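Quick note, the sequences are listed as chains V and L, same order. Per this note's numbering: the first sequence = residues 1 to 331. Per this note's numbering: the second sequence = residues 1001 to 1331.
Hint data in this document are derived by calculation from the structure and do not stem from the laboratory. Predicted model only: the values in this text are computed from it and were never measured.
Per the computed footprint, the stretches of chain L lying under chain V, defined by three or more beta-carbons under 8 angstroms from a beta-carbon of chain V, are: (1) 1075 to 1083; (2) 1091 to 1105; (3) 1299 to 1313.
Footprint (simulated), chain V over chain L, 3 or more residues, beta carbon under 8 angstroms: (4) 1121 to 1132; (5) 1186 to 1192.
Only pairs whose alpha carbons sit at most 35 angstroms apart, straight line, appear in this in silico DSBU-like list of lysine-lysine: (6) Lys1009/L with Lys66/V; (7) Lys9/V with Lys1062/L; (8) Lys1009/L with Lys11/V; (9) Lys1004/L with Lys178/V; (10) Lys9/V with Lys1127/L; (11) Lys1062/L with Lys211/V; (12) Lys295/V with Lys178/V; (13) Lys1290/L with Lys9/V; (14) Lys1211/L with Lys66/V; (15) Lys127/V with Lys1295/L; (16) Lys1009/L with Lys4/V; (17) Lys1011/L with Lys4/V; (18) Lys1011/L with Lys178/V; (19) Lys61/V with Lys1004/L; (20) Lys1009/L with Lys61/V; (21) Lys1066/L with Lys211/V; (22) Lys4/V with Lys178/V; (23) Lys4/V with Lys1178/L; (24) Lys1004/L with Lys127/V; (25) Lys1011/L with Lys211/V; (26) Lys1178/L with Lys11/V; (27) Lys290/V with Lys1004/L; (28) Lys127/V with Lys1009/L; (29) Lys1127/L with Lys178/V; (30) Lys62/V with Lys1004/L; (31) Lys62/V with Lys1211/L; (32) Lys290/V with Lys1127/L; (33) Lys1127/L with Lys11/V; (34) Lys1127/L with Lys223/V; (35) Lys295/V with Lys1127/L; (36) Lys211/V with Lys1009/L; (37) Lys4/V with Lys1004/L; (38) Lys1062/L with Lys4/V; (39) Lys1178/L with Lys127/V; (40) Lys9/V with Lys1004/L.
We put the beta carbon where it would ideally sit given N, CA and C, even for glycine.
Number of protein chains: 2
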Amino acid sequence: MKGKTIEFKSKVVIRNTAAIGGKKESEGPLGGYFDRRLTDDYFGEDSWEKAESKLQREAIKKAIQKAGYMEEDIDAAFCGDLLNQCVSSHYAMREFSIPFLGVYGACSTMSESMLVASLAIAGGHLKNAVCATSSHFCSAEKQFRFPLDYGGQRPPTSQWTVTGAGAAVLSGVGSGPKITAATIGSVVDMGICDLNNMGAAMAPAAFETIKKHIDERGADYDKIFTGDLGIIGSDILCDMMNREGIDIYAKHEDCGKLIYDLKSEDVHSGASGCGCAASVFCGYVFDELKKKRWKRILLVATGALMNASIVQQGESIPTIAHAIEIEAEEE
Amino acid sequence: MKGKTIEFKSKVVIRNTAAIGGKKESEGPLGGYFDRRLTDDYFGEDSWEKAESKLQREAIKKAIQKAGYMEEDIDAAFCGDLLNQCVSSHYAMREFSIPFLGVYGACSTMSESMLVASLAIAGGHLKNAVCATSSHFCSAEKQFRFPLDYGGQRPPTSQWTVTGAGAAVLSGVGSGPKITAATIGSVVDMGICDLNNMGAAMAPAAFETIKKHIDERGADYDKIFTGDLGIIGSDILCDMMNREGIDIYAKHEDCGKLIYDLKSEDVHSGASGCGCAASVFCGYVFDELKKKRWKRILLVATGALMNASIVQQGESIPTIAHAIEIEAEEE
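Required output: the full structure, derived from the provided sequences and hints.
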């Protein structure tokens, strides 16, 4: 393993966040943390893709408003999503005149966008930035697996793509939980080719990034949140860490296991999608950080970097994980 | 218009670059500037997508080598491409253990990746980074327009996606042409829905970014290189600038007009694709900058941010342009 953990040279705070959940997500255990809860996943649009874009747009608007800013106070937006050519982000950003830099890390996009924005803010080049991502169950199934109308059976390893979005406003001034350090992940591919077992594919990337980060920064975190490893990927990650002598069983949480009631909802191995880490972080985690339930956490969103046609060409699934360290605001 | 041009707070130099051209590109007027000239666009692979990924991988390897570095000297890679979920970049990066941040700005990706890397380097958070992108005529036609086998007729406004890749190694130390300032573009959509007239769609984004940049930094550039506006988009851009009282007719060049011999090759309105700005900048422009043919240039790669299915849903094409200002090394 190579590459160094980055310690930000000046203050980066998360001024505020906003989260929107789809119908199923809003009825789940974290529904109360969302700023907006959909009752219809079309969100008033005539396609799932347009609905997803609206999710992201509304999350961005709400986060800027909750941070006490106007659109013109934001120096740049860092967004991306799962749709081909990231159109969810692009059509969302079309409604703003904010300078925009597209990022893509599949389901790792929420931590990637905050990492890249932190580099720009801590370096003194931007003052305020908004970071956002989204996903939609229906647009993702259609694009990555089967059209919903086909009624394909989902294997037990499969995960349920979150319909939701999250946005966070980062700033070099003011108060809020601080982003203090980050580790950029490398691409890891352990040879898994099953589009219905993303958790297993992504766990080694999460392992590598967390291991690198902990080697440099210590393991003193109240919680380590991964993005969407789900039940299977989470087990693999904790076991891999354990074999290295690092016990994270008690402090590890996975956004993909938190957002649905895994016992009563038919989501098999848990949740996935850019919107999973985004809505869970920008809803639940950020709210609890502000309440100082935890002092110091690590957010490690994970992404599977394939597309459907390259897997049909026989390729396995490359994955990545980016870690950002966040400290609750001091008293 | 809003958003400020960024002046980098400390030195960012382009240590070296590498460019690879496909068969058609290598036979064109800039063929002599490429580090590698393909004779077969499959590049020894069994699919166009895998060939494109290899183009990017080989460009990255070559750029790192030409910069006098080893892979382990590179702190991060900033790459992206046109393929769904940027698989060209991801499968290229799978062969390296370099920390990787995916960026996506369609055909604006070359200037976006150098802009984002410059933010990280000038802020003191990274020392060396590699920036790369690629495109492939066959994979792009299949994905955005028609399968090649269909033999669809191309209208006169259409552009020919470049088969090629470029990579640049940026650093906070050492010598080379300097990246001194940049302007992040906003998303611009003037209502064009024609997937065969990208130049016209992108010209207003180029206009807005160049106008913003010049308003703050002056117009003292020896050349302003846009990415892939082609013949039609270039005319629109120069006319739009002229109406604002800024005459760029003589100093404007478009990578999409330079890479092919427009008189003898059947490319209609010129070239396009991420690999256009990438291979022209990393080949021709960088070589001539090193020879000090120009003292100060502006590189403004432009991107069309749609996908085929959202346009089929009736949406118009959002576009973007990012500008980076580059100065030749001082004597």
